[in-house]
Amino acid sequence: MSKIRLLTWMVMSLVATTVYATSEPEANPELAEANQLLRQLDRNLNPESYESYRKLINIEPDGKRKEFVLYSIKKGMDKVASVFLSPASEKGRSTLRLDENMWLYIPNVGKPMRITSLQSVVGGVFNNSDILRLDYSAEYAVTQIEAQNGETILHLKAKTKTVAYDKLKMWVNREKTLPTKIECLTAASMLIKTMVFKETKDFGNGIVRPSVIETDSPLHKGYKSVMIHANLNKRTFKDEIFTLTFMPNLESLRQ
Amino acid sequence: MRPSGIWWIVLTLYVTMAWAQEDYSFDLSEIEEKPCQFGGYFEFYPIVYGLDEDSTAHKLKFYDRDSEPLRYETNFTALLDGSYKKGTSEFRAIVNTDAKHDDLGWSEETTLYEGTWSLRPSPGLSFQVGKATLKWGKGYAWNPVAFLDRPKDPTDPELAREGFVVASADYIKSFEGPLKTFSFTPALVPVYDHLNEDLGQITGMNVAGRAYFLLHDTDIDFLFLAGPSKTTRYGMDFSRNITSNFEIHGELAIIRDYEQTFIDDTGTLYNRTTHATNTLLGLRYLTESETTTIFEYYHNATGFTESDMGDYYSFIDEGYNTYLASGDTSGLKRASSISKNHYSQKNPMRDYLYLRVSQKEPFDILYFTPSVTSILNVNDHSFSLGPEWLYTGVKNLELRLRTTFLVGDSYTEFGEKQSDFWVGLRARYHY
Chain A
-16 MSKIRLLTWM VMSLVATTVY ATSEPEANPE LAEANQLLRQ LDRNLNPESY
34 ESYRKLINIE PDGKRKEFVL YSIKKGMDKV ASVFLSPASE KGRSTLRLDE
84 NMWLYIPNVG KPMRITSLQS VVGGVFNNSD ILRLDYSAEY AVTQIEAQNG
134 ETILHLKAKT KTVAYDKLKM WVNREKTLPT KIECLTAASM LIKTMVFKET
184 KDFGNGIVRP SVIETDSPLH KGYKSVMIHA NLNKRTFKDE IFTLTFMPNL
234 ESLRQ
Chain B
24 MRPSGIWWIV LTLYVTMAWA QEDYSFDLSE IEEKPCQFGG YFEFYPIVYG
74 LDEDSTAHKL KFYDRDSEPL RYETNFTALL DGSYKKGTSE FRAIVNTDAK
124 HDDLGWSEET TLYEGTWSLR PSPGLSFQVG KATLKWGKGY AWNPVAFLDR
174 PKDPTDPELA REGFVVASAD YIKSFEGPLK TFSFTPALVP VYDHLNEDLG
224 QITGMNVAGR AYFLLHDTDI DFLFLAGPSK TTRYGMDFSR NITSNFEIHG
274 ELAIIRDYEQ TFIDDTGTLY NRTTHATNTL LGLRYLTESE TTTIFEYYHN
324 ATGFTESDMG DYYSFIDEGY NTYLASGDTS GLKRASSISK NHYSQKNPMR
374 DYLYLRVSQK EPFDILYFTP SVTSILNVND HSFSLGPEWL YTGVKNLELR
424 LRTTFLVGDS YTEFGEKQSD FWVGLRARYH Y
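Same order as they appear, the protein sequences are chains A and B.
Sequential numbering from -16 applies to the first sequence in my numbering.
Sequential numbering from 24 applies to the second sequence in my numbering.
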């Protein structure tokens, strides 16, 4: 009998802990509002499902540049894919992310192989999680909100240990509900990189967002990477596109 | 302050402001889609071999040549990858031309690596006919389940390879829940005169297939090949990220009635038929400082034992001694023919370990990746060790300096290769 009682107590404790853990952030109205703000910011940055073109520029301390052009698609909260259009040495390479699973496909060479969020398929300051980014609200929860010099600062904490950066400090323009700067931090609050959002542009269909993201990192002093967005359009895709089998054919989606 | 100091400050400020106000352009003509596309690369690859004149491979190949400690070889490669797309169908061809110059003169070979016509009526369904590489398996250096691919070169697994003529389809279905993706790839593989002859000697239509599952964040494949040209074989593979920087993978292939030809030390050929189970287990690990380690263990049950290889080496030595004594080359020619037909696998023995450690952009040198690769023959303890330096900092140019040392006793795999070491610089320009 005592065993049954103990088991019942353990199950109830587990349920109570789970309910507390999942409900705790929303129990604080300020944080609930901040998380809602983060979700709105995600929608302002891009529709839930979309296609876009991006140019990545790696700039070395001596000014030398290397540029990459990608076609990217996203669907829902957990599906992103990209294919390189240039330079010629990278053309046809594609990357796929399904939740925390990431793969790289290199044409003529081999089958898709698993890669990690911390790696970078392009070198420079951007890593795979920057290139295959999901919504911020899908990966992070707001733990603190503060106001500073007319801007709102959100302190974000990764929901799982598999996310590339454990913490983010995000400066938000409240009027436009768009980020202006993000600091990516380790669990020990060490700065990994800073992303600055610039040149807000109207992409049409109500999408108004920064078109340029500049990144630098204290880990790569003097180096800078830039991501430029173009032709960002709302578009829906079938789930079957976000699969390993389809990876070699991603470029066929371009219209 | 001296005028030169003022000029220096002005110049620094100008450069800093130019950096801060840099205007980034994205010309939309760069993303214009063209139905007809061409690409590929040109490659220049000079190699120096340090020959091991006591090895059986050297005796077999260079028995009638003067002694030479070094041999020079210059390789040129041109790969053309072209495609034409219209609606839901696409034609694609990859043609590779290798030209080589060494002390025997020039040689050249042009091969159609791939030539396919594909039709994609919907994202979940496609058909493909022509010469294609299917690239089955999860291993990096070896793929025991790649029943329809030519074997990789474990010392350079990322080299493009020639495909086989197949008719295949892909059916893909996505789901919500633990099973996220299912796909099925059936394939028909004909073997007739001048068609897929490398696949098997008996002509007829072979059937193969692969079922893929992304289940609980794990890639899982089940694969098979059956038909008259090869004995029935089936297997499975898997790949999974244990953490965000730690991946494991494996392959299992069962080959029924595998017939293997051996030679004894007197030169008599004999066959043995077995059911073989080939396995591969591997991992890829990335540290915070971007050191990538790839480690694999490969059990090749279709390979030879130390004793089998000892008989083979012994027969070559016997032929070479006969040649030295009498000038009779018949033994060496027979050994050469047997070597080509039955002992030509890149790694012909039973158990191997593969280790590759690469460091991305050390000392903040962008686009520079040094690495070291080693293959250990577990059975005879011989090994290869290859440091490599890769630089990709110039647009579309890839520079790769490679060297490999082959170490082993007499009558061991790497001890009996024709070289003790080789050094090569590969310059590949993509267009």
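Since the hints were derived computationally from the structure, they do not count as laboratory data.
You may find that some hints are simply not true.
As the list claims (entries may be wrong) - Sample of chain B residues at the chain A side, in silico, Cβ under 7 Å:
1. Asp50
2. Phe207
3. Pro209
4. Leu309
5. Ser381
6. Pro385
7. Leu389
Even for Gly, the Cβ is constructed at its ideal location relative to N, Cα and C.
Open item on the list: Checking hints one by one. Is Ser381(B) an interface residue toward chain A, by the C-beta closer than 7 Å rule?
Closed with: Violated, because the Cβ-Cβ distance from Ser381(B) to chain A comes to roughly 11 Å (cut-off 7 Å).
- [ ] Using 7 Å as the Cβ threshold, decide whether Asp50(B) counts as touching chain A.
- [x] 9 Å, violated
- [ ] Using 7 Å as the Cβ threshold, decide whether Leu309(B) counts as touching chain A.
- [x] At about 5 Å, which falls below the 7 Å cut-off, the nearest Cβ of chain A leaves the hint on Leu309(B) intact, so it holds.
TODO: Mind checking the CB of Pro209(B) against every CB in chain A and telling me if the closest is under 7 Å?
DONE: This interface hint is violated because 13 Å lies over the 7 Å limit.
Open item on the list: Please check whether Phe207(B) passes as an interface residue: C-beta within 7 Å of a C-beta belonging to chain A.
Closed with: 9 Å, violated
- [ ] Please verify that hint: Leu389(B), Cβ, nearest Cβ of chain A, below 7 Å or not.
- [x] Where the cut-off is 7 Å and the nearest Cβ of chain A is about 6 Å from Leu389(B), the hint holds.
Task: Status of the Pro385(B) interface restraint (C-beta, 7 Å, chain A) - done: 12 Å, violated
Comparing the model with each earlier hint shows violations of hints 1, 2, 3, 5, 6; every other hint is respected.
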